[in-house]
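Q: Sequence:
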Amino acid sequence: MNITDRKVLIIDCGSPLRHTERRVQGSILLNVNDRISRKRLSTRGLKNFLDSNQLHRLDSNDIIILYDDYIRP
4 MNITDRKVLI IDCGSPLRHT ERRVQGSILL NVNDRISRKR LSTRGLKNFL DSNQLHRLDS
64 NDIIILYDDY IRP
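For what it's worth, the numbering used here labels the leading residue of the sequence shown as 4, then goes sequentially.
For the record, the hints were derived by calculation from the structure and aren't laboratory data. Where hints are given, some of them may not hold.
[Stated by the list, open to error] Simulated DEER-style distance windows between Cβ atoms:
1. ILE13 x ARG47: 19 to 27 Å
2. ILE39 x LYS10: 26 to 34 Å
3. SER40 x LEU61: 13 to 21 Å
4. SER55 x LYS10: 24 to 32 Å
All of these numbers come straight from a predicted model, not from anything done at the bench. Ideal Cβ positions, reconstructed from N, Cα and C, are used throughout, including at glycine.
Turn these sequences into a full structure, and let the hints guide you.
A: Below you can see the structure in the form of structure tokens.
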């Protein structure tokens, strides 16, 4: 598969510090940096964390990457 021909969306569930850095251009940054928020994301799904514009972006992309760099003890 050629990635240059696809529309890619990165959903970042990682470090809360990145919510102010905005390093991954064009990504959606989710505030799921605590255990309760992570549980809600896994049980309720993305639709409860995204607004209508973000949901439209989600629907219009070919490849979705859910990125999480959280280190679990």
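Q: What hints, given by number in increasing order, does this structure fail?
A: 4
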